[in-house]
Amino acid sequence: MQKLLAFIVAKRHWFLFFICEIVSFVLIYRNNVYQRNVMLSSANAITGRLLSVSGAVFYYFDLQKVNQEIHERNSLLEMEVIRLREQMNIKTNDTISFGRVYLNDSVLKSNRYHFIPASVVNNSVNKPHNYITIDKGKNDGIRPDMGVISPQGIVGIVTNVNNSFSVVMSMLNMKSRMSCKIRHTNFTGSLSWKGGDVKYAYLDHIATHATFQVGDSIESSGYSDAFPPGILVGTIESYTRQTDDNFYSLKVRLASDFQSLHLLSVIDNRLQKEQKEVEWEARRND
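Count along the sequence shown from 1, then add 145; that gives the number in the working numbering.
Some hints could be false.
Below are the DSSO-like pairs computed for lysine-lysine, each with C-alpha atoms no more than 30 Å apart in a straight line [as the list claims (entries may be wrong)]:
(1) 339 <-> 272
(2) 421 <-> 283
(3) 344 <-> 396
(4) 396 <-> 283
(5) 339 <-> 396
(6) 320 <-> 281
(7) 344 <-> 281
(8) 339 <-> 320
DEER-style ranges, computed between Cβ atoms [to be verified]:
(9) 163 <-> 219: 54 to 64 Å
(10) 159 <-> 404: 55 to 65 Å
(11) 374 <-> 425: 30 to 40 Å
(12) 405 <-> 283: 19 to 29 Å
(13) 163 <-> 296: 57 to 67 Å
(14) 360 <-> 284: 37 to 47 Å
(15) 339 <-> 297: 17 to 27 Å
(16) 353 <-> 304: 30 to 40 Å
Bear in mind the hints are in silico, worked out from the structure with no lab data behind them. Glycine residues also receive a C-beta, built at the ideal position from the N, C-alpha and C atoms.
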């Protein structure tokens with residue numbers, strides 16, 4: 146207490162100065178309209194600036210939550226697009242091939258595909274065999290052989306799963322093979338990555354009488370149980386004839402940017418198990 150009193154006595158002229166300054170500002174504020182308006186305007190400007198800065202800081206830290214919500218909404222919209230496409234195909238086939246067919250509500254309302262949002266926790270792009278680790282596993286309904294997509298296009302297929310994490314074989318894996326087709330046609334081929342540039346893969350075994358041009362879209366064919374038809378893979382960059390001269394090899398610019406993957410969706414085909422079982426039974430009977 147004595148040290149505090151000694152400090153106040155030693156610095157009394159500074160304390161007196163600050164008290165006089167405060168009294169002066171109060172008197173100026175109360176007795177002068179112009180100075181009062183200037184002070185209020187300055188205080189409002191400073192307060193507004195501080196609120197703007199604090200709002201920007203809170204918005205930045207809230208971006209992850211916003212991105213997750215947008216990603217989940219995109220997954221729901223993707224599911225709806227696939228469901229509508231299936232219904233259109235059913236109705237088109239019925240109209241063209243079988244005339245008018247009465248479909249029950251369970252068929253029209255069936256939702257074969259379900260999307261599970263996930264985030265990338267590990268990713269490689271500079272190896273011959275690249276893999277991606279995501280933060281969803283068995284506890285979230287993930288199984289091996291599920292397809293994985295980004296907001297831009299196809300990414301790969303789940304290979305290994307534990308309770309909390311899953312590993313995805315990236316399209317940038319020289320073991321990866323995927324059935325794809327040229328959009329708006331029935332010409333299909335096998336898509337593979339041959340190493341090197343991470344932006345390009347090659348769609349081989351496209352018949353020479355196929356009709357296409359540079360810039361056309363390449364999409365999933367639907368021949369795989371991992372992906373529904375119509376999921377974007379990339380666009381045709383160029384093409385050459387293969388060595389046997391009976392097929393084209395298309396150079397495809399991949400839609401997904403594998404160097405900046407973050408939010409993904411895992412496709413749960415609810416009929417995948419049944420399809421695998423019947424195909425396995427057919428092969429066993431050969």
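Requested in this report: Starting from the hint list further up, note which numbers the structure goes against and sort them upward.
Outcome: Structure breaks hints 4 and 11.
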